[in-house]
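Novice: Got chain A sorted already, so can you dock chains B, C and D onto it with the hints?
Number of protein chains: 4
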Amino acid sequence: MKFEVAAKLKYEVLASSTLILNVEALMGGSQFVLEESFEADRELKMYNWNAVAGEKRFKVIELPPNGEVNFSYRAVVENTCRVIPAKQLDETLIPLMPVSVLPYLNPSRYCQSDKLYKFAADNFGNISKPYEQVLAVRDWIYNHVEYRAGHSNANTSAADTLKEKMGVCRDFAHLGIALCRALTIPARYFTGYAYKLEPQDFHACFEVYLGGCWIIVDATKLVPVNGLVKIATGMDASDSALASIFGNLKFLAMEVNTKALDEKFEDVEVVNSRGYSYQ
Amino acid sequence: MKFEVAAKLKYEVLASSTLILNVEALMGGSQFVLEESFEADRELKMYNWNAVAGEKRFKVIELPPNGEVNFSYRAVVENTCRVIPAKQLDETLIPLMPVSVLPYLNPSRYCQSDKLYKFAADNFGNISKPYEQVLAVRDWIYNHVEYRAGHSNANTSAADTLKEKMGVCRDFAHLGIALCRALTIPARYFTGYAYKLEPQDFHACFEVYLGGCWIIVDATKLVPVNGLVKIATGMDASDSALASIFGNLKFLAMEVNTKALDEKFEDVEVVNSRGYSYQ
Amino acid sequence: MKFEVAAKLKYEVLASSTLILNVEALMGGSQFVLEESFEADRELKMYNWNAVAGEKRFKVIELPPNGEVNFSYRAVVENTCRVIPAKQLDETLIPLMPVSVLPYLNPSRYCQSDKLYKFAADNFGNISKPYEQVLAVRDWIYNHVEYRAGHSNANTSAADTLKEKMGVCRDFAHLGIALCRALTIPARYFTGYAYKLEPQDFHACFEVYLGGCWIIVDATKLVPVNGLVKIATGMDASDSALASIFGNLKFLAMEVNTKALDEKFEDVEVVNSRGYSYQ
Amino acid sequence: MKFEVAAKLKYEVLASSTLILNVEALMGGSQFVLEESFEADRELKMYNWNAVAGEKRFKVIELPPNGEVNFSYRAVVENTCRVIPAKQLDETLIPLMPVSVLPYLNPSRYCQSDKLYKFAADNFGNISKPYEQVLAVRDWIYNHVEYRAGHSNANTSAADTLKEKMGVCRDFAHLGIALCRALTIPARYFTGYAYKLEPQDFHACFEVYLGGCWIIVDATKLVPVNGLVKIATGMDASDSALASIFGNLKFLAMEVNTKALDEKFEDVEVVNSRGYSYQ
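Chains as they are written, first to last, in my numbering: chain A, 1 to 279; chain B, 280 to 558; chain C, 559 to 837; chain D, 838 to 1116.
No wet-lab data here; the hints were simulated from the structure.
Heads up, some of the hints might be wrong.
Claimed, not checked - Subject to a maximum C-alpha distance of 30 Å in a straight line, what follows is the list of computed DSSO-like cross-link-like pairs (lysine-lysine):
| no. | chain 1 | residue 1 | chain 2 | residue 2 |
| --- | --- | --- | --- | --- |
| 1 | D | Lys966 | C | Lys617 |
| 2 | D | Lys1000 | B | Lys444 |
| 3 | B | Lys281 | B | Lys408 |
Model, not experiment: these values are computed from the prediction.
The shape of chain A in the complex, shown without the other chains:
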């Protein structure tokens, strides 16, 4: 599928600051960036960085203090959301995992899997197949957590969401990750653009490592999983933030847009007999 994604961000620079923006579509894996532009409305020192393992790329931007600054990103991306029969989504034994997958079994800032062992075992421990556990986790979150903007904030973690049972896509993802890791299923955060998301915004969901692939899971069920464009993956929002501010910078406004460029986009049906992967 081919998508056009765009983001506009406006900040007010109150003092000399460094801004790290992580809004560019990831290059690599099953995702191709066919066209791309990134613009600021004034001359700035900007550095292009790639994360060590290629799981994100970002711009480090120096902002001298003088008023408003506007950033505008636009890309044409082609990707493939691959269908994988559920029967292939077996667990990988730990000694056979790539060393790069192992960290995704650890607890992290917003996904305190170490605190949720009992809850995970009590609720999902009796399900024998790991992919069925994942689907049960997803459905439990969907059924028990209310999607509501404004309730959670940048400090909210999976443990909080499990108690408060309200949150946004980021919180749904964090809880899903924490529960999967508590079940010894590697899970990571996925942030991207999402076609058909209403209202348009960035989106977050998660991926689990089964059958040697990263399988996409969205506990919000807000969008078709084949309409996502990947920006980054990581442990959780702590290392995959869209913007990180060092200094005194005020976020003013944002505008996000994702369009399908192919005429015949069809939502994939999310059924339990299949997994979907952007790898």
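Specialist: Frame of chain A, contents of chains B, C and D only:
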């Protein structure tokens, strides 16, 4: 496309040896390994390794000295050979390249680009667009180098092939890489399974980095580029050998097979207005 | 300095399990492993792994279920704790940091820097030099947190310790890391063997990135910083655990020992005009 | 030991070019950079890069075409050349090597170990211990190759030097590396500053991986091995060049200087019972 690939290898172990086999289909990028098995006909210590940057995975196998050993690999792989309009295949300025791409501008064991600057400049220097340079390199090799088995050997390099004008897929690839690097186009070795290759064998070709993607190029023109299954990429055959032997091991026999599992495989037309990429 | 380090660990295997042990002295940096042995009291499948960026190495061990298992590690290590004048310990501007340092500004499971901004700013924000901030953080923890075994557990985080003001070396380290990150100073967890620690045990402290080096800081002030032998560094105890258990395994006993092999070991004086680094 | 190193480089820019300079002292391992400055005599776009595995760092510099440009680098570095008893310098079995060491067994552009198997086996194959093989390789080169400036050039490889028996430090290093790899001993190129080198210049030698360490070997015997300051390590000069030019740039002049800042520098004695390592 979905492919079934298989390889059988037979060795005679004359003394305690270590064998590194690099025949498994690469996981990642736009390639998914759906099923896989690797078997030896006796109990052996085998270690699964992934190269640091994920560009190959391989088995390190300890072989105590007692006679013949047979290995058998089989996998079902799904991949996508993406079409990219030639007009998007611009060069990436060096300061904007990912640090992982830069080494592919350096000369290497079998691709002595530093010796071919003059030849490359004289023959392709007047072509203005880098992708057109690549296509001219490919066609020059195809037209001037004779495909002949048995002429070259494990020591043969691009400089040799340019002189001797005979070789096999590996030599065609090495010469293509060396010439592209001499033109400041990052180029790397690609080794894999190839559907429709006659007789069936492993295959080698190369990739160039243009437009932010690795574009596949096969100067042998022996197979459709959309029928390849990637095993590894690297600087050249020096770091991407299918088998590396440390000790006293005699290679006896090999059997390779690549089948398309989709009924409607159609060869892509290799035209100059398009590039193809497995990324 | 030359040290001999040793660890014995005893587990009871109640069901088929995987154990990841991270007790081996790190090779690399300013630390040399001169001799080493790792033994189990029965034949086991053990895999040697190196973390992707070399910041830890560990053994992945498969444990079939039959009773007790004993592990014994011993190494002779030579390292250098380098003295660096405090005046060189300036901050590195974010755009000039190596990409591998940047993650150590993020919050993590046990170091929720994002929750401590206000506390950090109120207490250390008026100190102008970053290394002086680090020393003030260290001294604040030393003066306000009581070292007491048995109070904290594997779930305890920096935010907990700041409230409860009791803990062990791990908690002191987590709080130090969280406060430094809240002050935009990269900080990471350090786990190792410690000469002169009474009673003998593994030890944890932290490192801050200043002047292009990782400077060691120990808020417990229990041991001389030049008597440490590094096992691993990481975000916090979530990715640097000495042992990670997957399955049903019961920890029974442990014995740790660190000896100086040079006769003239002298404790370094920890004064504010100097930093110490194992890099 | 503490050293002050300095380099001045002058180029004439004939057309818009990119220059990659790799002259900065490496940070990390047993080497600390205490002070550092890098200056150009005009405003230029310069990017600081770190190689993926940290084995070099370099500046990518954009040069618009207008006349001469001067670069000036200066650093104060502290490092330790560690002494390791030869009896500890055993080989590491391939399955136990870190994955990052394995590539240093492969042939490379200037170190065609695959062409030198017979020569290596005939001359050094009957020596049983690997470190003694290394010392024999070093002494063979020292005794049979004449150090002469101006004979070899940027295309000269180990195979050439073995035939022509003349060269400079770079050629001595390449031949040493090629022979060690042919003996299944991992070996890599080392480039740096060298105290007491007459006349002052950059220097090249090599390292072998034995006993879990990289041991420094200098077949030129021109300088004490404890007076080296590391710039980079790599496969050979193909990936560790001090300067890489893309475009039309004319090298005009260079000035290199290495001073010891400690008064009591003493040359280490290079005896066969010991190895020296910067790790």
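Novice: Take the hints in turn and mark each one as holding or not.
Specialist: To see whether the hints hold, each was checked on the structure:
1. D:Lys966 - C:Lys617: holds, 28 Å
2. D:Lys1000 - B:Lys444: holds, 25 Å
3. B:Lys281 - B:Lys408: Roughly 34 Å between the alpha carbons, so the hint for Lys281 of chain B and Lys408 of chain B is violated.
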